[in-house]
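**Student:** Make a model of the complete structure from these sequences and hints.
Residue numbers (this note's numbering), protein chains in the order written: chain A, 1 to 273; chain B, 1 to 112.
Quick caveat, the hints were computed from the structure, so don't treat them as lab data. The beta carbon of each residue, even a glycine, is placed where N, CA and C say it ideally should be.
The following label-pair restraints were derived from C-beta to C-beta distances: (1) A:N2 x B:H94: 42 to 50 Å; (2) A:R21 x B:A89: 30 to 38 Å; (3) A:G43 x B:N68: 22 to 30 Å; (4) A:E4 x B:E60: 25 to 33 Å; (5) B:Q107 x A:I46: 39 to 47 Å; (6) A:K25 x B:K102: 44 to 52 Å; (7) B:R82 x A:T28: 28 to 36 Å; (8) B:E67 x A:V7: 23 to 31 Å.
Derived DMTMM-like pairs: lysine to aspartate or glutamate, alpha-carbon spacing no greater than 25 Å straight-line: (9) B:K50 x A:E22; (10) A:K25 x B:E65; (11) A:K13 x A:E26; (12) A:K25 x B:E20; (13) B:K86 x B:E20; (14) B:K76 x A:E22.
What follows is the residue order along each chain.
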Amino acid sequence: MNLETRVYQALLKLYPRAFQREYSKEMTRVFQESLSSQGSSFGFWIRTFWDVISSAGRERISGGLNMQNVLVKFGGVAAVIHGLVLPLLAILIMTKNWEPAKQIDGLVLFTNLLFNDGLLPLIVIASLFCLSRPHSRMEYLGCFLAFTASLVFTIASQILRQDTIPITGIWFETYLIGLFGLPIGLALMGLARFRRTGVTNLPSISKLLFGIGVVLFITRTIGQVAVSNALASDVIPQLGRMLLFIERLTWLPLAWVLLASQKPITPSRAQPA
Amino acid sequence: MPEALTPAVFHILLALADQERHGYGIMQDVLERTDNQIRLGPGTLYGTIKRMLEANQIEELPEREDENHQRRRYYKLTSAGRKTAKTEAERLEHLVNLARSKRLLPQLKGVR
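**Tutor:** Printed below as a string of structure tokens:
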């Protein structure tokens, strides 16, 4: 068995066991035939990863594991913690003139906590609320708004903090693709689903941005947790790191739903008579 | 108006409309028929096949050897699946006619 097949068979572990038992042999054979006809190119692997991630998510949700509910609940709790605690903390810092905040500009800290860490999760909560009506236009609109808003808030906070965005090297990739690429990719997906376009019909650039974004997003999150270089970590080292981690996890349920749901919106909802 | 099918479901129904095929055969047929525009990955393909089997739109045939003497699982359309494909085709035709009436598409010759 070649390396490519071994990698693919490892990826098949993402599917529910019952699905693996039923179809893994056939899927592996189809993969091998596709590999021999298309060759092991970068594009081939992007398509393969995309296919596995999206269809495994769909199978897990439809497999009766109630994964969607688990993710929504997890995301909801995390978003509530993040959306309520951090703005309160920001107000406390402003009003009590807390010692660590003296080291940096109070307004900078306030806007950062409010925009980056406060409003975004609140919008995520609104989107999660929309998910209680799965496969509706509201769901996709909610996802679209959440990620568009996160993008706007991220840019706004950068401008308010008067940060300059480095445009060379790894920072360029981290900021423009890791930070913005993921929300852009997700926003496009939300918009496409909202407009009843199948995920398979999305422009390749959106899928590519999303793929690269996810990798850098996870790398960046792990990096931030491992090395406390974030603003909140300076204020409250342990809690800050944990909250940063939770903040990033709140995005995953939305991404999961966008990737996993392929069921079309019913015409009666999409096109009211 | 009937509920729209996903592109994957409709293309699988079309692939099986004229003959029984195995998974890779379905994938190749869709690829050729759509000028390489729609490429069903193994996960999407078998996930959709699973749901179509549950919905009784297709049925699985006993394993048999393909042209390369490998044992494969073949699928064929059921009468319910054929009806679903026909309904979807009619729905799409209706939409195309609507587009023609709005002059988004050229009129067919001999049709007013």
